[in-house]
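K.L.:
Numbering of the sequence shown is given in my numbering, commencing with residue 1 and proceeding in unit increments.
Careful, some of the hints might be misleading.
Pairwise CB distance ranges (calculated) [unchecked claim]:
#1 33 to 7: 26 to 32 Å
#2 103 to 8: 25 to 31 Å
#3 144 to 26: 40 to 46 Å
#4 72 to 151: 17 to 23 Å
#5 1 to 33: 33 to 39 Å
#6 137 to 3: 19 to 25 Å
#7 140 to 103: 28 to 34 Å
#8 53 to 24: 17 to 23 Å
#9 7 to 58: 25 to 31 Å
#10 76 to 31: 18 to 24 Å
#11 22 to 137: 30 to 36 Å
Bear in mind the hints are in silico, worked out from the structure with no lab data behind them. Where a beta carbon is used, it is the ideal one built from N, C-alpha and C, also for glycine.
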Amino acid sequence: MGLVIAAIALILDQGVKTFVSANMELGDLIEVIPGFFSIHYILNPGAAFSMGENLTILFAILQAAVAVYVTYLLIRKVKILSWAIALGALLGGVLGNLGDRIFREPYFGFGHVVDMFSVNHFAIFNVADSFIVCSMIAVAYLLIRGVNFDGSIGDQPKATGKNDDAPTDPEA
1 MGLVIAAIAL ILDQGVKTFV SANMELGDLI EVIPGFFSIH YILNPGAAFS MGENLTILFA
61 ILQAAVAVYV TYLLIRKVKI LSWAIALGAL LGGVLGNLGD RIFREPYFGF GHVVDMFSVN
121 HFAIFNVADS FIVCSMIAVA YLLIRGVNFD GSIGDQPKAT GKNDDAPTDP EA
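Construct the entire structure; sequences and hints are all you get.
P.N.:
Listed below in structure tokens is the structure:
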């Protein structure tokens with residue numbers, strides 16, 4: 001299920017980016033709710049708030065590492081729907097922005113991320129960013145609640161291979 005969520009997030013993100021890129025000129029602004037929300041087509045070479053504009057390749061490498069690790073978790077560790085949804089949304093968002101960094105101009109591995117949603121006095125963001133933020137809220141909630149990938153709650157006892165009820169010999 002997590003990989004399905006990731007695919008949905010990726011398709012939505014890339015679909016909106018393709019639509020905006022095809023129908024707007026770079027820098028165009030369409031006010032949807034005047035003074036509050038607009039569609040503003042920009043290219044972002046950095047991270048949030050355009051920080052790290054010269055670190056695009058580093059962001060691409062980090063996003064690729066996150067994508068590999070989250071995919072591993074989804075395939076091997078996650079057994080419950082809540083974690084699958086949270087990590088699937090994270091994976092889809094990361095892949096959406098990673099795809100921009102790899103395949104968009106100016107050149108391979110240094111591409112700029114397409115952003116378009118502008119809320120008054122806030123950074124301009126995209127669908128992938130929204131999935132990432134929502135997923136991290138869900139991850140924080142699951143961690144605070146102590147929910148493990150298998151659905152159990154709290155710390156799991158470590159398997160020692162010994163009978164935990166048997167008396168131990170302090171001399172051994």
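K.L.:
Output the numbers, in ascending order, of every earlier hint that fails for this structure.
P.N.:
2 and 10
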